[in-house]
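Asks: Those protein sequence lines, which keep their order, are chains A and B.
Using the working numbering, read the first sequence as starting at 3 and increasing by one per residue.
Using the working numbering, read the second sequence as starting at 3 and increasing by one per residue.
Each hint should be verified, as a subset may be incorrect.
For chains that are exact copies, the list does not tell them apart, and a pair is met inside one copy or across any two.
Restricting the straight-line Cα-Cα distance to at most 27 Å, the calculated cross-link-like pairs of lysine-lysine (DSS-like) are [claimed, not checked]:
| hint | residue 1 | residue 2 |
| --- | --- | --- |
| 1 | K124 | K37 |
| 2 | K345 | K228 |
| 3 | K37 | K354 |
| 4 | K408 | K329 |
| 5 | K329 | K124 |
| 6 | K417 | K363 |
| 7 | K415 | K254 |
| 8 | K409 | K37 |
| 9 | K398 | K344 |
| 10 | K285 | K84 |
| 11 | K414 | K329 |
Note that these hints are calculated values from the structure, not bench results.
None of these values were measured; they are calculated from a predicted model.
Protein chains: 2
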Amino acid sequence: MTRNNLFYAQSGGVTAVINASACGVIETARQHRDKIGKVYAGLNGIVGALNEELIDTNKETAKSIAALRWTPAGAFGSCRYKLRSYAENPKEYERLIDVFRAHNIRYFLYNGGGDSQDTANKVSQLSLEMGFPITCIGVPKTVDNDLPITDNSPGFGSVAKYVAVSIREAGLDVASMCESSTKIFVMEVMGRHAGWIAGAAGLASEQEGEAPHIILFPEIPFNRVKFLRKVNTCVKKFGYCAIVVSEGAQNKDGSFLAATGGTDAFGHAQLGGVAPYIANMIKDELGYKYHWAVADYLQRAARHIASAIDVEQAYAVGKAAVEFSLKGKNSVMPVIVRGNGKKYTWHIGEAKLSDVANVEKVMPRDYISRDGFQITDKARNYFSPLIQGEDYPPFKNGIPQYTRLKKVLEKKKLKKWKAS
Amino acid sequence: MTRNNLFYAQSGGVTAVINASACGVIETARQHRDKIGKVYAGLNGIVGALNEELIDTNKETAKSIAALRWTPAGAFGSCRYKLRSYAENPKEYERLIDVFRAHNIRYFLYNGGGDSQDTANKVSQLSLEMGFPITCIGVPKTVDNDLPITDNSPGFGSVAKYVAVSIREAGLDVASMCESSTKIFVMEVMGRHAGWIAGAAGLASEQEGEAPHIILFPEIPFNRVKFLRKVNTCVKKFGYCAIVVSEGAQNKDGSFLAATGGTDAFGHAQLGGVAPYIANMIKDELGYKYHWAVADYLQRAARHIASAIDVEQAYAVGKAAVEFSLKGKNSVMPVIVRGNGKKYTWHIGEAKLSDVANVEKVMPRDYISRDGFQITDKARNYFSPLIQGEDYPPFKNGIPQYTRLKKVLEKKKLKKWKAS
Numbered sequence: 003m004t005r006n007n008l009f010y011a012q013s014g015g016v017t018a019v020i021n022a023s024a025c026g027v028i029e030t031a032r033q034h035r036d037k038i039g040k041v042y043a044g045l046n047g048i049v050g051a052l053n054e055e056l057i058d059t060n061k062e063t064a065k066s067i068a069a070l071r072w073t074p075a076g077a078f079g080s081c082r083y084k085l086r087s088y089a090e091n092p093k094e095y096e097r098l099i100d101v102f103r104a105h106n107i108r109y110f111l112y113n114g115g116g117d118s119q120d121t122a123n124k125v126s127q128l129s130l131e132m133g134f135p136i137t138c139i140g141v142p143k144t145v146d147n148d149l150p151i152t153d154n155s156p157g158f159g160s161v162a163k164y165v166a167v168s169i170r171e172a173g174l175d176v177a178s179m180c181e182s183s184t185k186i187f188v189m190e191v192m193g194r195h196a197g198w199i200a201g202a203a204g205l206a207s208e209q210e211g212e213a214p215h216i217i218l219f220p221e222i223p224f225n226r227v228k229f230l231r232k233v234n235t236c237v238k239k240f241g242y243c244a245i246v247v248s249e250g251a252q253n254k255d256g257s258f259l260a261a262t263g264g265t266d267a268f269g270h271a272q273l274g275g276v277a278p279y280i281a282n283m284i285k286d287e288l289g290y291k292y293h294w295a296v297a298d299y300l301q302r303a304a305r306h307i308a309s310a311i312d313v314e315q316a317y318a319v320g321k322a323a324v325e326f327s328l329k330g331k332n333s334v335m336p337v338i339v340r341g342n343g344k345k346y347t348w349h350i351g352e353a354k355l356s357d358v359a360n361v362e363k364v365m366p367r368d369y370i371s372r373d374g375f376q377i378t379d380k381a382r383n384y385f386s387p388l389i390q391g392e393d394y395p396p397f398k399n400g401i402p403q404y405t406r407l408k409k410v411l412e413k414k415k416l417k418k419w420k421a422s
Numbered sequence: 003m004t005r006n007n008l009f010y011a012q013s014g015g016v017t018a019v020i021n022a023s024a025c026g027v028i029e030t031a032r033q034h035r036d037k038i039g040k041v042y043a044g045l046n047g048i049v050g051a052l053n054e055e056l057i058d059t060n061k062e063t064a065k066s067i068a069a070l071r072w073t074p075a076g077a078f079g080s081c082r083y084k085l086r087s088y089a090e091n092p093k094e095y096e097r098l099i100d101v102f103r104a105h106n107i108r109y110f111l112y113n114g115g116g117d118s119q120d121t122a123n124k125v126s127q128l129s130l131e132m133g134f135p136i137t138c139i140g141v142p143k144t145v146d147n148d149l150p151i152t153d154n155s156p157g158f159g160s161v162a163k164y165v166a167v168s169i170r171e172a173g174l175d176v177a178s179m180c181e182s183s184t185k186i187f188v189m190e191v192m193g194r195h196a197g198w199i200a201g202a203a204g205l206a207s208e209q210e211g212e213a214p215h216i217i218l219f220p221e222i223p224f225n226r227v228k229f230l231r232k233v234n235t236c237v238k239k240f241g242y243c244a245i246v247v248s249e250g251a252q253n254k255d256g257s258f259l260a261a262t263g264g265t266d267a268f269g270h271a272q273l274g275g276v277a278p279y280i281a282n283m284i285k286d287e288l289g290y291k292y293h294w295a296v297a298d299y300l301q302r303a304a305r306h307i308a309s310a311i312d313v314e315q316a317y318a319v320g321k322a323a324v325e326f327s328l329k330g331k332n333s334v335m336p337v338i339v340r341g342n343g344k345k346y347t348w349h350i351g352e353a354k355l356s357d358v359a360n361v362e363k364v365m366p367r368d369y370i371s372r373d374g375f376q377i378t379d380k381a382r383n384y385f386s387p388l389i390q391g392e393d394y395p396p397f398k399n400g401i402p403q404y405t406r407l408k409k410v411l412e413k414k415k416l417k418k419w420k421a422s
């Protein structure tokens, strides 16, 4: 009997721990060689499947695969490419299934956010109709933490830890200099529609007066007057004011405070630059000297300061996805379920892809303080376990040693694909 | 016999390891209680001496002082305040010496860059003339690495490590996404007049094609045509281009690139930052999608990823400054001397403050590749030892635990100081 092959793809914005999920997938699949033949990884995500560019992960050593656990970003390449609906572009889906059929791929593990789980769900349905049933399992991933059902999304804990550590450190810097120099520090963080990342930065403030003093959430419409008053009060009281602003911070009318103008492949507005916008506003209105930082990709790639629990969970969802496949489950995604006890515990649960697809989870209002500028204790209790523990990568010559894969492509069997 | 007291002050922009120098000073002084009475630290640097705001470090526990070793920024407060010349404002110098006399301070240890060493030197001379001789010892510090004589400046190794680690991680991020998304990543780093920090980022590129592909140094006048050609070649060859730009990058006429006055996608005047300026230039000319990051204070405050050798050297110069004082040396500064062997070794040497004051050391031309966009092997050999080793702070609840000092002020003995 021919063993069935497995196809794994990374999708959308990468994280510090998405490769830990890949590691979980590949290491677990290798333990079931009786049932799973080759594990293919899409070169640059789903585009690799369309182009029949399938990385044969069997060609990578156990050591290289193990090192995925501590390697940030997408080792096989990811993409911003959303399949259109079947009605709009049936050929794309047919092509996918043709490629899977040609390479005897019966398992499709899609490592991404809500959009990707929607795609995986559709592929599963269509494969049935097309007489080549494919088991489709989602593997959750997003720094934005906006996936529903799962208590948190792998990738989020590490960016949360990065922003909390960074604003604590930069806050100390500003505090040391504020008497005669910079009084305002603004740090811009990711989170297009949800303030999870910005909120997590609030963990850095453990005692009164500690940074960050103000957090600007996408969930709370920006109120210029109230904000400037708060900044001023803060400077008078503590000598300085450290602000964390979400890239998704919005005006009352829902427009972003600062946008670069472009849109990405999903039609989302491409953001950036709200930190200098806010800093200049303060300078203009209050006259304080400022500095600002935009961490951008540094925050989501910062494997050197990853959360240990995040790494563990990212690996676990990859492992669970393979186990789900082997148990005959389909169109589901492993999720993180938080225990009810006071001490943080978690286990793997499952969610239907149809319930996950295209739903965005925003910060509950009671995670944000009444004045809209801080997080509540309820939020702290939620965030804190997710940044626990350090999981340092190995270093050589002072620099983290991240895996370099061979990425050997499987021989093509089909004609070249032309996107229509 | 009354023991003489010591005054220590932090000056200018803080670093991830300036408190390690403070730790070296205080711990060493505490070992010589027979000769050194109290160690005072200036609240907010030299301004604390002028205002007679002297932190009595004896009031801090040994544990708090030990924790300075892993606490970033200036724990006692620093300042941007340069004493004018004695001819211009003699009262400032006289006030300093009055305060020192009132508190029996016979040792003045000034932890800062070139400006500060100039001040320390003058205080030493004047104190002699004023009949209250004060031993003045410099303690080197600057992330910019532009102090002369010393092989490197404490503070630099850690920011060097931060930028090398960050561009490696962000580079992997961009590499994973470049097929269908961002192709250009620009990271702005500090270094207004010297490209040391930008150059150190080059350590991240260990194999052909690895980030950073281009470094823009203040030492090399910006050539737009040559730069854009290089960017394009890079994208064609590797699929993406990761750029590190020094905040001090300059046009041929010596003006800063960032001050050139670019506009954003909406035609608004650029809000500052050479990274967005460069990124927009590439977008306009070559059409590539970009992301950019400005690490700003995050880079110099990043104690969580400090270089172990930097921490060690920062401590050592603090310790040596006290030992120099006790040996009767004056108007000198401990420096780092690199051994001549192939294996990196270092020891503490000494330099005259008069030789250190107000001299800026830029990158030698042969540290920069012929085309001006990369570092040479000579530079690598210089930089590499300075980022060796990790020296992680202790964490609690997922966040680094940095010391919180009591900062108890000594009772004032003089009238209030009014800056003239």
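Asks: Next, verify each hint and record whether it holds.
Replies: Here is how each hint holds up against the structure:
{"no.": "1", "hint": "K124 <-> K37", "verdict": "within (25 Å within a copy, 79 Å between copies)"}
{"no.": "2", "hint": "K345 <-> K228", "verdict": "neither (37 Å within a copy, 59 Å between copies)"}
{"no.": "3", "hint": "K37 <-> K354", "verdict": "within (24 Å within a copy, 74 Å between copies)"}
{"no.": "4", "hint": "K408 <-> K329", "verdict": "neither (31 Å within a copy, 60 Å between copies)"}
{"no.": "5", "hint": "K329 <-> K124", "verdict": "within (20 Å within a copy, 79 Å between copies)"}
{"no.": "6", "hint": "K417 <-> K363", "verdict": "neither (41 Å within a copy, 60 Å between copies)"}
{"no.": "7", "hint": "K415 <-> K254", "verdict": "neither (54 Å within a copy, 55 Å between copies)"}
{"no.": "8", "hint": "K409 <-> K37", "verdict": "within (23 Å within a copy, 66 Å between copies)"}
{"no.": "9", "hint": "K398 <-> K344", "verdict": "between (40 Å within a copy, 18 Å between copies)"}
{"no.": "10", "hint": "K285 <-> K84", "verdict": "between (41 Å within a copy, 24 Å between copies)"}
{"no.": "11", "hint": "K414 <-> K329", "verdict": "neither (30 Å within a copy, 76 Å between copies)"}
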